[in-house]
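If you read the sequences in order, they're chains X and E.
Numbered by the working numbering, the letters in the first sequence go through residues 1 to 280 in order.
Numbered by the working numbering, the letters in the second sequence go through residues 1 to 536 in order.
Heads up, some of the hints might be wrong.
Keeping only pairs whose Cα atoms sit at most 20 Å apart, straight-line, the calculated SDA-like set for lysine to any residue is [unchecked claim]:
1) X:Lys-278 to X:Pro-23
2) E:Lys-378 to X:Arg-196
3) X:Lys-58 to X:Thr-46
4) E:Lys-378 to E:Ala-420
5) E:Lys-417 to X:Arg-204
6) E:Lys-417 to X:Arg-196
7) E:Lys-378 to X:Gly-187
8) E:Lys-378 to X:Glu-181
9) E:Lys-378 to X:Tyr-184
10) E:Lys-378 to X:Val-180
11) E:Lys-417 to X:Glu-181
12) E:Lys-417 to X:Val-180
13) E:Lys-378 to X:Pro-200
14) X:Lys-278 to E:Ala-420
15) E:Lys-378 to E:Tyr-388
16) X:Lys-278 to E:Ser-419
17) X:Lys-173 to E:Phe-368
18) X:Lys-173 to E:Trp-375
19) X:Lys-278 to E:Gly-21
20) X:Lys-278 to E:Thr-374
21) E:Lys-417 to X:Leu-199
22) E:Lys-417 to X:Thr-279
23) E:Lys-188 to E:Ile-524
24) X:Lys-278 to X:Arg-20
25) X:Lys-173 to E:Thr-374
26) E:Lys-378 to X:Val-178
27) X:Lys-173 to E:Pro-373
28) X:Lys-278 to X:Ala-27
29) X:Lys-278 to E:Pro-373
30) E:Lys-188 to E:Pro-373
31) E:Lys-417 to X:Pro-200
32) E:Lys-417 to X:Val-178
33) X:Lys-173 to X:Val-117
34) X:Lys-173 to X:Phe-112
Hint data in this document are derived by calculation from the structure and do not stem from the laboratory.
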Amino acid sequence: MSVSALSRPRVAARRRQASRVPPTVVAAFAVLAVVLSWSLVPGLFTDQDPARGVPADKFQAPSLAHLFGTDHLGRDLFARVVHGTSSSVTSALVAVGIGVLVGGLIGLVAGFVGGWVDSVLARLVDVLLAIPSFLLAVVVVSSLGFETINAAIATGVSAVGVFARVMRSEVLKTRRAVFVEASYLQGGSRWHILVRHVLPNASRSVLMLAVLQFGLSILIIAGLAFLGYGDPPPASDWGLLISIGKDYPLAQWLVYAPALVTIATVLSVNRISRWLRKTD
Amino acid sequence: MAPQDRLTPLLRVEGLSVSYGDTRVVTDVSFDLGRGESLALIGESGSGKSTIARAVLRLGTGRASGLVEFDGHDVLALPERRFRPLRGRRIGFVPQDPGTALNPVRTVGSQAREAAALLDEPGGHEDLVLETFARVGLDDPRRVYDSYPHQLSGGMLQRVLIGLTVLPRPALIVADEPTSALDVTIQKRILDLLSDLRRDLDISLLLITHDLAIAAERADSLVVLKDGVVREAGPTAEVFSAPASEYTRGLHADVPALNPDRYLSLRSVPVPGERPKIEVRGVTKSFTVDGRSLVAVDDVSFSVPAGTTHALVGESGSGKTTTIRLLLGLEEPDRGAISVAGEEVAGRSHASLRSLRRHLQLVYQNPFTSLDPTWTVKRLVGESLDRYRIGTRRERADRVREALDSVGLAENLLSRKPSALSGGQRQRVALARALVLRPDVIVLDEPTSALDVSVQAGIVEVLLALQAELGLTYVFVSHDLALVRQLAHTVSVMRQGRIVESGEVGALFDDPRQPYTRALVDSIPVGAGTVAGGVS
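Sequences are here, hints too, so could you generate the full structure?
In structure tokens form, the structure reads like this:
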């Protein structure tokens, strides 16, 4: 058929365009790959103990022996950043996981069931969104106890509202789609339509939001750690490292090194999220 | 106008090529358009016809090379500052969809005054606008002037836009599918209006259309495009009655209006005396909109014998879609009864409706929205088999393949997603999905209106072959009377929720009794032969 012949080169062109990844995105993926391997196998990147210092070597500026320098106890800062990655990244993942699961579920039920269930859940989400997320996280950590995992849970709870709202609007949009009615005519039950049609179509934007939220969660958890709401020393969460570093204005690398790592990670995540949104 | 003026063409396009990035969409296109003449660019979607129009108006974003000469000006070489006085004043543009061409938050009048202000004549703009509105056949110019776009119908908006286009008395109007978003009767009136204005005001018309019948009826010469290349060009009478290229011949054969009896041999012969497969008796349905009750379907009755096609015809808002939704049990009628294969549809429980639907399937109008974009063809077609738990896994896979085969799709498409299919392929997938349960009745809701004519012809052939082979009963909803005439056995004409006339297709088309039916039949464009006298 003439039209199929016509559209084939177009489809091919689209594929070619999609496969062309901008260099900044490649860089962002590289940064994330490094960060992820730090969190999985920190031992591969540094052989120094993050908790044991050599007092004689304290406050050494960055050099080949100590890439990020050393702190007031003579501990290698690079080793501390690398070993702190695991808890910083994992806690961000936990936070996003809570947001996606709980928020997604609320949004899905609200959008699909509709009626008074939707009204109640939507108002609940409104209340949640009305409280500044950082403040909410602080309140939650204060009641659960000062630990990194609690900071992660708190961050996740504060993100529930955003995920619920996005999921709900996507579900509302998909539920009215013609192909959903078509599936109903094919003998699909409500459950089948919800799981097989509505969820996959609605989850696309939720996943993009999840990537964005991952970056944001790293920031919030670092912020909480900075304020002392995370694990106490000698843990080496990025936020905690910055917090300790600020006490020594003469050794500025103590702030710069973990701060730059945090910034690079968050920027990379945001760049990837934006790229995902563009590539449809 | 002086005779030598007539000799130099108003618009001359020579060796025009346009590319977007690395992709060339228009290659070496040439044509002339004389003063007061009309020329139609014909082609299917993707043929580059709109790109050419945009190049003439310098609205395109693509890279254009070649020569476009308008009234002695080299359009492509002119700096934007010097071209701007031409666009809008000397070259007018009528867009495809009048619904999106006007600013929705300002009144029609305030936007019309802008166009009038281009004239450089001091004062009196309002009178001029009202006068123009009257000229383009708007009954109450004052009301239109004070209205917002959403308060006017599509036909009225298109009249407004044509009015705004002719207001500065341009020498050339470029009309890009000016009627494809409108109903048939309105389409005829808009095209008549363009023809009249052209004659009275001596305006040249560059008409862009996918419909060969419209082009032949309205244009002096035709340019047939495919893949951005001119396949054939020349005076309408020549190209239309004796097409030289294979492509134009095919295009000609695929236009339903020009070949009412094309599928006569393919069309199944109904067995007389058989019990009707579908019976709709006195069905009424009303909706409540803004607190007011609106009767969408009013006392509609028809019956369809098994193995035949019944068409529901009408303009938008005539209640066709509500009728088929009632038929499928997607809505409950207020009154009346519907039975399919002897079983009542109305008032059934969800579970029993579900078992009824095994024998009653629907093909939607737009294949771009009716297929889940995240599913593969294999899953889409097999969905109902899985839902009804028919056969083993292997049997289901076989039946999916069988269904795809019967609509003429190759097996290698099984793992593709809808986005990797063309419009025609998608509609075939939708048809295969309806067929896979082996239903007796398929309801087709304008199944080809989103597709090109050649693709449409392919789908129609598949439909008729399946009907002959499997004895399917179709309910075919359409606003395209020519297409209905080609494939239906019986037809009901709907207007404002009521059936105004129904009967056997041939009789109804040859001898319509109701004035409305006659108006509908008359509005089918049938090419040059019948109207040539009126235009020249």
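Here's how the hints hold up against the structure:
Between the alpha carbons of Lys-278 of chain X and Pro-23 of chain X the distance comes to roughly 15 Å, so the proposed pair stays at or under 20 Å and holds. Restraint check: the Cα-Cα separation between Lys-378 of chain E and Arg-196 of chain X comes to about 14 Å, which is no more than 20 Å; the hinted pair holds. Pair hint Lys-58 of chain X plus Thr-46 of chain X holds up; C-alpha atoms about 18 Å apart against a cutoff of 20 Å. For the proposed pair Lys-378 of chain E and Ala-420 of chain E, the alpha carbon gap of about 13 Å is at most 20 Å, so the pair holds.
With a CA separation close to 16 Å, the supplied pair Lys-417 of chain E and Arg-204 of chain X stays within the 20 Å bound. Restraint check: the Cα-Cα separation between Lys-417 of chain E and Arg-196 of chain X comes to about 15 Å, which is no more than 20 Å; the hinted pair holds. Between Lys-378 of chain E and Gly-187 of chain X the CA atoms are separated by roughly 17 Å; this keeps the pair inside 20 Å, and the hint holds. At most 20 Å may separate the alpha-carbon atoms for a hinted pair to count; Lys-378 of chain E and Glu-181 of chain X meet this at roughly 19 Å.
For the hint pairing Lys-378 of chain E with Tyr-184 of chain X, the CA-to-CA distance comes to about 18 Å; that is within 20 Å, so the pair holds. As the CA atoms of Lys-378 of chain E and Val-180 of chain X are separated by approximately 17 Å, the hinted pair is consistent with the 20 Å bound. Only pairs whose Cα atoms come within 20 Å are accepted, and Lys-417 of chain E paired with Glu-181 of chain X is accepted, the gap being roughly 19 Å. Using a Cα cut-off of 20 Å, the hinted pair Lys-417 of chain E and Val-180 of chain X holds, with the two alpha carbons roughly 16 Å apart.
Simply put, Lys-378 of chain E and Pro-200 of chain X have alpha-carbon atoms about 17 Å apart, close enough for the 20 Å limit, and the pair holds. For the suggested pair Lys-278 of chain X and Ala-420 of chain E, the alpha carbons sit about 18 Å apart, so the restraint of at most 20 Å is met. Under the criterion of a C-alpha separation no larger than 20 Å, the hint pairing Lys-378 of chain E with Tyr-388 of chain E is consistent with the structure, at around 16 Å. About 16 Å separates the Cα atoms of Lys-278 of chain X and Ser-419 of chain E, which keeps this hinted pair within 20 Å; it holds.
The suggested pairing of Lys-173 of chain X with Phe-368 of chain E holds, with an alpha-carbon distance near 16 Å, which does not exceed 20 Å. This hinted pair checks out: Lys-173 of chain X and Trp-375 of chain E have alpha carbons roughly 18 Å apart, not beyond 20 Å. Between Lys-278 of chain X and Gly-21 of chain E, the direct Cα distance comes to roughly 19 Å. Compliance with the 20 Å bound is thereby established for this hinted pair. A distance of roughly 18 Å separates the Cα atoms of Lys-278 of chain X and Thr-374 of chain E; the hinted pair therefore holds under the 20 Å criterion.
For the suggested pair Lys-417 of chain E and Leu-199 of chain X, the alpha carbons sit about 17 Å apart, so the restraint of at most 20 Å is met. In summary, the hint linking Lys-417 of chain E to Thr-279 of chain X is supported, as the alpha carbons are separated by about 16 Å, within the 20 Å threshold. With a C-alpha separation of about 8 Å, the suggested pairing of Lys-188 of chain E with Ile-524 of chain E holds against the 20 Å cut-off. For the proposed pair Lys-278 of chain X and Arg-20 of chain X, the alpha carbon gap of about 12 Å is at most 20 Å, so the pair holds.
The straight-line distance between the Cα atoms of Lys-173 of chain X and Thr-374 of chain E is roughly 15 Å, inside the 20 Å bound, and the hint therefore holds. Note on Lys-378 of chain E and Val-178 of chain X: the hinted pairing holds, with a Cα-Cα distance of about 19 Å set against a maximum of 20 Å. In summary, the hint linking Lys-173 of chain X to Pro-373 of chain E is supported, as the alpha carbons are separated by about 14 Å, within the 20 Å threshold. For the hint linking Lys-278 of chain X to Ala-27 of chain X, the alpha-carbon distance of about 17 Å falls within 20 Å, and the restraint holds.
Taken as a hint, the Lys-278 of chain X and Pro-373 of chain E pair is honoured in the structure, with Cα atoms around 17 Å apart against an allowance of 20 Å. For the proposed pair Lys-188 of chain E and Pro-373 of chain E, the alpha carbon gap of about 37 Å is over 20 Å, so the pair is violated. Of the supplied pair hints, the one linking Lys-417 of chain E and Pro-200 of chain X holds, its CA atoms being roughly 14 Å apart against a limit of 20 Å. Proposed proximity of Lys-417 of chain E and Val-178 of chain X is supported: the alpha carbons are some 17 Å apart, at most 20 Å.
Of the supplied pair hints, the one linking Lys-173 of chain X and Val-117 of chain X holds, its CA atoms being roughly 18 Å apart against a limit of 20 Å. A distance of roughly 10 Å separates the Cα atoms of Lys-173 of chain X and Phe-112 of chain X; the hinted pair therefore holds under the 20 Å criterion.
When held up to the earlier numbered hints, the structure conflicts with hint 30 and nothing else.
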